[in-house]
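Listed here are the chains, written in short residue letters.
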Amino acid sequence: MKQEFLKLSINTKGQKLYEFTDQTIDWIKKNNFKNGLLNISIQHTSASLIVQENADPDVQTDLINYFDKLAPMDKKLYIHTTEGKDDMPAHIKSALTNNQISLSVKDSELLLGTWQGIYLFEHRLEAQKRNIVHHFIGD
Amino acid sequence: MKQEFLKLSINTKGQKLYEFTDQTIDWIKKNNFKNGLLNISIQHTSASLIVQENADPDVQTDLINYFDKLAPMDKKLYIHTTEGKDDMPAHIKSALTNNQISLSVKDSELLLGTWQGIYLFEHRLEAQKRNIVHHFIGD
Amino acid sequence: MKQEFLKLSINTKGQKLYEFTDQTIDWIKKNNFKNGLLNISIQHTSASLIVQENADPDVQTDLINYFDKLAPMDKKLYIHTTEGKDDMPAHIKSALTNNQISLSVKDSELLLGTWQGIYLFEHRLEAQKRNIVHHFIGD
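Residue numbers (the working numbering), protein chains in the order written: chain A, 182 to 320; chain B, 182 to 320; chain C, 182 to 320.
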């Protein structure tokens with residue numbers, strides 16, 4: 182049984198879903214992973230990871246709008262406001278979604294459903310560099 | 182160290198929590214797993230997986246009602262409406278809960294708390310067939 | 182490849198975030214874990230686990246206040262009220278956050294970001310004893 186690590190960096194430009202399914206699958210293929218567990222974690226608390234529909238891009242727009250309404254960028258609502266009106270809502274959105282996702286690899290295939298993609302969900306307004314750790318354990 | 186996979190299919194009939202703790206434990210026993218990690222993932226983005234209380238069924242009713250109020254089935258709120266009034270709320274509920282859960286197995290026991298059960302949380306109104314992948318890695 | 186387990190108990194006193202990052206790192210060091218996956222799960226459905234910012238404590242206060250508004254302690258809103266006004270909101274907050282988190286260990290280091298800490302998020306008002314299972318698989 183072996184283990185491999187990859188630090189994937191994604192430069193974000195505002196609140197959006199950034200898909201990285203292809204980079205993940207490329208890494209699996211390049212390393213010839215057969216069966217194992219792939220743990221993906223984000224090293225930030227103002228952006229998150231989600232598995233979502235990759236078919237209709239309107240789903241992503243609706244998700245962004247929904248979370249913006251659920252955790253409004255209104256400084257009057259929060260104590261922690263020194264890092265900007267979008268920072269505390271970003272922490273909340275992070276708590277409501279995921280910091281990490283574990284996916285299974287079987288017979289060299291990442292076991293995602295037909296309409297599933299893996300996304301970095303950026304919650305900050307300004308450009309950011311986000312680190313996403315990939316960790317494979319298996320054979 | 183060994184790995185095993187199981188694809189569990191559950192036929193759902195509307196918005197409800199469908200418990201499958203027994204099927205998971207049966208699979209662990211049948212395979213005589215001793216210690217290891219069990220990754221459970223759902224291959225859909227309009228239903229999700231949650232670990233919740235298995236004692237009072239009212240908890241499940243309250244959860245369903247709560248999530249319905251939090252992500253209302255109102256087409257005016259969303260752009261993505263072509264798949265029905267329940268589809269975009271289903272994606273939102275999926276993002277707010279989990280696509281996958283990793284559980285630990287120790288001394289042939291699934292380490293759940295006394296009142297914890299594993300549930301498929303169906304967010305669509307129509308009947309669906311849902312695929313839930315079980316992946317064990319351990320000995 | 183080896184596996185180790187630790188049951189960490191935390192006594193909580195009301196709705197708060199209780200950090201246990203140091204206990205987790207101490208256990209990794211004591212066992213001399215080098216590379217592997219660390220699965221942390223909570224054996225309760227009225228408290229949860231989150232990875233959040235460990236810099237400004239106001240973030241934690243804002244999180245607690247936010248979740249209290251999102252799932253209000255108002256018995257009129259729920260059917261399940263026999264365990265107190267805070268119990269059903271606690272189950273909801275648990276569903277909205279996490280029962281378990283998988284973290285990666287590389288070169289004897291827990292791969293958290295600079296500002297990330299691991300927290301038990303207590304949702305009940307009364308004092309509780311919470312069990313948090315740590316499970317390491319790796320070398």
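These are computed hints drawn from the structure, not numbers from a lab. Do not take every clue at face value.
Copies of the same chain look alike in the list, so a pair counts if it works inside one copy or between any two.
The calculated lysine-lysine pairs, modelled on PhoX-like cross-linking and capped at a C-alpha distance of 25 Å, are [said to hold, decoys possible]:
1. K194 <-> K310
2. K310 <-> K287
3. K266 <-> K310
4. K183 <-> K194
5. K287 <-> K188
6. K194 <-> K287
7. K194 <-> K250
8. K197 <-> K310
9. K210 <-> K257
10. K266 <-> K256
11. K287 <-> K197
12. K266 <-> K287
13. K210 <-> K266
14. K210 <-> K256
15. K310 <-> K188
Predicted model only: the values in this text are computed from it and were never measured.
Do the hints match the structure? See the list:
1. Taking the shortest Cα distances, K194 and K310 sit within 25 Å of each other inside one copy (9 Å), while across copies they are farther apart (38 Å).
2. Taking the shortest alpha-carbon separations for K310 and K287, only the inter-copy value of 21 Å comes in at or below 25 Å, while the best intra-copy value is 31 Å.
3. Taking identical chains as interchangeable, the C-alpha atoms of K266 and K310 lie at most 25 Å apart only when both belong to the same chain, with a minimum of 19 Å there against 36 Å between chains.
4. Within a single copy, K183 and K194 get their C-alpha atoms no closer than 36 Å, and across copies no closer than 42 Å, so neither meets the 25 Å cut-off.
5. Within a single copy, K287 and K188 get their C-alpha atoms as close as 22 Å, and across copies as close as 12 Å, so both meet the 25 Å cut-off.
6. Neither within a single protomer nor between protomers do K194 and K287 lie at most 25 Å apart by alpha-carbon distance, with minima of 34 Å and 30 Å respectively.
7. Taking CA atoms no more than 25 Å apart as the test, K194 paired with K250 passes inside one copy only; the shortest distance there is 20 Å, against 30 Å between copies.
8. In this assembly of identical chains, the alpha carbons of K197 and K310 lie at most 25 Å apart only when taken from the same copy (14 Å versus 31 Å across copies).
9. With identical chains, the CA atoms of K210 and K257 are never at most 25 Å apart, being 49 Å at best within one copy and 43 Å at best between copies.
10. Taking identical chains as interchangeable, the C-alpha atoms of K266 and K256 lie at most 25 Å apart only when both belong to the same chain, with a minimum of 6 Å there against 29 Å between chains.
11. In this assembly of identical chains, the alpha carbons of K287 and K197 never lie at most 25 Å apart, being 30 Å within a copy and 30 Å across copies at closest.
12. Neither within a single protomer nor between protomers do K266 and K287 lie at most 25 Å apart by alpha-carbon distance, with minima of 43 Å and 35 Å respectively.
13. Proximity of K210 and K266 under a CA criterion of 25 Å is satisfied in neither setting, with 41 Å inside one chain copy and 39 Å between copies.
14. Neither within a single protomer nor between protomers do K210 and K256 lie at most 25 Å apart by alpha-carbon distance, with minima of 46 Å and 41 Å respectively.
15. Taking identical chains as interchangeable, the C-alpha atoms of K310 and K188 lie at most 25 Å apart only when both belong to the same chain, with a minimum of 12 Å there against 36 Å between chains.
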